[in-house]
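K.L.:
We have chain A already, so just place chain B on it with the hints.
First to last, the protein sequences are chains A and B. All residue numbers for the first sequence refer to this note's numbering, where the first residue is 1 and numbers rise by one. All residue numbers for the second sequence refer to this note's numbering, where the first residue is 201 and numbers rise by one.
These are computed hints drawn from the structure, not numbers from a lab. Watch out, some of these pointers could steer you wrong.
What the hints assert, rightly or not - The following label-pair restraints were derived from C-beta to C-beta distances:
id, chain 1, residue 1, chain 2, residue 2, range
1, A, 163, B, 245, 54 to 60 Å
2, B, 398, A, 37, 53 to 59 Å
3, B, 345, A, 37, 34 to 40 Å
4, B, 263, A, 174, 50 to 56 Å
5, B, 261, A, 93, 23 to 29 Å
As the list claims (entries may be wrong) - Partial selection, computed: residues in chain B whose CB lies under 7 Å from chain A:
id, residue
6, 210
7, 284
8, 286
9, 298
10, 305
11, 345
12, 350
13, 351
14, 364
15, 366
16, 370
17, 371
18, 381
19, 385
20, 392
21, 393
The beta carbon of each residue, even a glycine, is placed where N, CA and C say it ideally should be.
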Amino acid sequence: MANKSGQAYGLTLLSPILAGTDPSGDPHHMALRAALSEMPNGPQSPLAAVAGTHLARWVVIDDVPFPGVPSHEDHLASRYLLFTACFDGELVPYLEAMRTGMPGWLEQIYGHCIGYPGTADSGAFRRYMVSCQVETSFFVAAYGAATLPAVLRALDAQRRMIAFIQSHQGPTWTGDRLQPEFRKFLVQLEQAPTPAPATL
Amino acid sequence: MANQTGKSYAMNVLTAMERPGWRPLGKLGTILKLLLRDKFFPTLQLPRNTRTLECVFWSIGKGAAPEIQRNLVELSFIHFARWVIIKHDQFPRLDPSQPAESLQYDWLFFESNFNGSWQEYIEAFSRVIPGGMDNIWNWSVKYPGSVPISPFLDYIRAGQADTDYYYNATPGSSTKDILGALDLQERLRRFATESAALAPADFRRAYDHFLISIQGDLGTTGSYPESSPLPDDGSAARRAPVHAS
Numbered sequence: 001m002a003n004k005s006g007q008a009y010g011l012t013l014l015s016p017i018l019a020g021t022d023p024s025g026d027p028h029h030m031a032l033r034a035a036l037s038e039m040p041n042g043p044q045s046p047l048a049a050v051a052g053t054h055l056a057r058w059v060v061i062d063d064v065p066f067p068g069v070p071s072h073e074d075h076l077a078s079r080y081l082l083f084t085a086c087f088d089g090e091l092v093p094y095l096e097a098m099r100t101g102m103p104g105w106l107e108q109i110y111g112h113c114i115g116y117p118g119t120a121d122s123g124a125f126r127r128y129m130v131s132c133q134v135e136t137s138f139f140v141a142a143y144g145a146a147t148l149p150a151v152l153r154a155l156d157a158q159r160r161m162i163a164f165i166q167s168h169q170g171p172t173w174t175g176d177r178l179q180p181e182f183r184k185f186l187v188q189l190e191q192a193p194t195p196a197p198a199t200l
Numbered sequence: 201m202a203n204q205t206g207k208s209y210a211m212n213v214l215t216a217m218e219r220p221g222w223r224p225l226g227k228l229g230t231i232l233k234l235l236l237r238d239k240f241f242p243t244l245q246l247p248r249n250t251r252t253l254e255c256v257f258w259s260i261g262k263g264a265a266p267e268i269q270r271n272l273v274e275l276s277f278i279h280f281a282r283w284v285i286i287k288h289d290q291f292p293r294l295d296p297s298q299p300a301e302s303l304q305y306d307w308l309f310f311e312s313n314f315n316g317s318w319q320e321y322i323e324a325f326s327r328v329i330p331g332g333m334d335n336i337w338n339w340s341v342k343y344p345g346s347v348p349i350s351p352f353l354d355y356i357r358a359g360q361a362d363t364d365y366y367y368n369a370t371p372g373s374s375t376k377d378i379l380g381a382l383d384l385q386e387r388l389r390r391f392a393t394e395s396a397a398l399a400p401a402d403f404r405r406a407y408d409h410f411l412i413s414i415q416g417d418l419g420t421t422g423s424y425p426e427s428s429p430l431p432d433d434g435s436a437a438r439r440a441p442v443h444a445s
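Okay, chain A solo, but in the shape it has when bound:
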């Protein structure tokens, strides 16, 4: 299945955006863009609370581009909200993690989309998202075998290793002094918590 590369899943959703204006009088696509621009990013991003999300994006597609003369001039009848995510594991648990991890933001975003049922009913939410899914044709991942916690732990280990090397260099660090320090370092590394997403 082209949605997967290693254990990583490449999700692609196209959600048609409501025509017309929202209750405040703003066009739905503009209100949606405003909601996206207000969403915090980094460790405070709601997507940081959706376990296993490596990368994700939302893009408002206003229309398809014109390929140039001579060619047909296609136009979309609706605007679409594109959501793509690269995450660990399988689709259904991921959609459930989105539903429970960021319900308020989902309401603010997908409340401007046609047919969005809200997050109260798990089955209805999943059916809506799946009905918006477009199969990924070809998906490439540079580190598709590594889960996000594994990546974060590896990056943390890399930083700690650099710090250990820097603080334990020079001729005074003979084997009998260095070896116990290294063993202590390995224990600390083992016991270190997994860093939070979007902090490294």
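P.N.:
Coordinates of chain B only, in the frame set by chain A:
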């Protein structure tokens, strides 16, 4: 617009593709032609349409073109990339009140998450895997080829859509940092096991060898480099108000 988060740039490109006409053998005929072209007749022309691209992806998936996939992964600045064929009738219609799409073309969506500047990235694609890129975009309407570079840049730029929100769980880390960290962790585990019973003097020697072996894995993460903006295509000037003289 939020095309960049941390060290990673989000690229989205939409290109039009011709819909295939009816053929007696359908995809099977195209796959046979692809095989014939790869094995015996490199100049054999294939129809520039969606069916051919589906067959190209199918053959890559079956290992017929492992070099394309390998080259993509070896482009050390790509985290994840995807191509999605959206046929003219595959745009989701979720309610009868939603107007039906009536598109002439099928559409190819390309997404990438890469480190570095926009132009460097596209140029690297053009330089490192020109044949591979042609295999994937050759079936798009008016695709100029990946070499020479400037029409290729214009083509990609014309199809690009800006990202409204971009989340990155490892914003301070490039793909190379992550691959290095994963490799370091594996080597560290191995060294910890192998050196556990060494005498102190032997440990010191083994440790020095270990440090030499992991030099390439010790990237410094954290700072965000400046990336080049999308090159100016003149649209800003066209949007500027015109004053009557």
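K.L.:
The structure should be examined with respect to each hint, and the outcome stated for every one.
P.N.:
Hints, one by one, checked against the model:
1. A:163 / B:245: 54 to 60 Å: holds, 59 Å
2. B:398 / A:37: 53 to 59 Å: holds, 57 Å
3. B:345 / A:37: 34 to 40 Å: holds, 37 Å
4. B:263 / A:174: 50 to 56 Å: Holds - the Cβ-Cβ distance for residue 263 (chain B) and residue 174 (chain A), about 52 Å, lies within 50 to 56 Å.
5. B:261 / A:93: 23 to 29 Å: Holds, at about 25 Å.
6. 210: Holds - the Cβ of residue 210 (chain B) comes within 7 Å of chain A, reaching about 5 Å at its closest.
7. 284: holds, 5 Å
8. 286: With a closest approach of 6 Å, the residue 286 (chain B) hint holds.
9. 298: Because about 5 Å separates residue 298 (chain B) from the closest Cβ in chain A, which is inside the 7 Å limit, the hint holds.
10. 305: At 5 Å from the nearest chain A Cβ, residue 305 (chain B) passes the 7 Å test, so the hint holds.
11. 345: violated, 15 Å
12. 350: The hint is violated - residue 350 (chain B) has no Cβ within 7 Å of chain A, the shortest such distance being about 15 Å.
13. 351: Cβ of residue 351 (chain B) sits 11 Å from chain A, so the hint is violated.
14. 364: holds, 5 Å
15. 366: This interface hint holds because 5 Å falls under the 7 Å limit.
16. 370: holds, 6 Å
17. 371: holds, 6 Å
18. 381: holds, 4 Å
19. 385: Check passed: Cβ of residue 385 (chain B) comes within 5 Å of chain A, closer than 7 Å.
20. 392: holds, 5 Å
21. 393: violated, 10 Å
Checked against the numbered hints above, the structure breaks hints 11, 12, 13, 21 and satisfies the rest.
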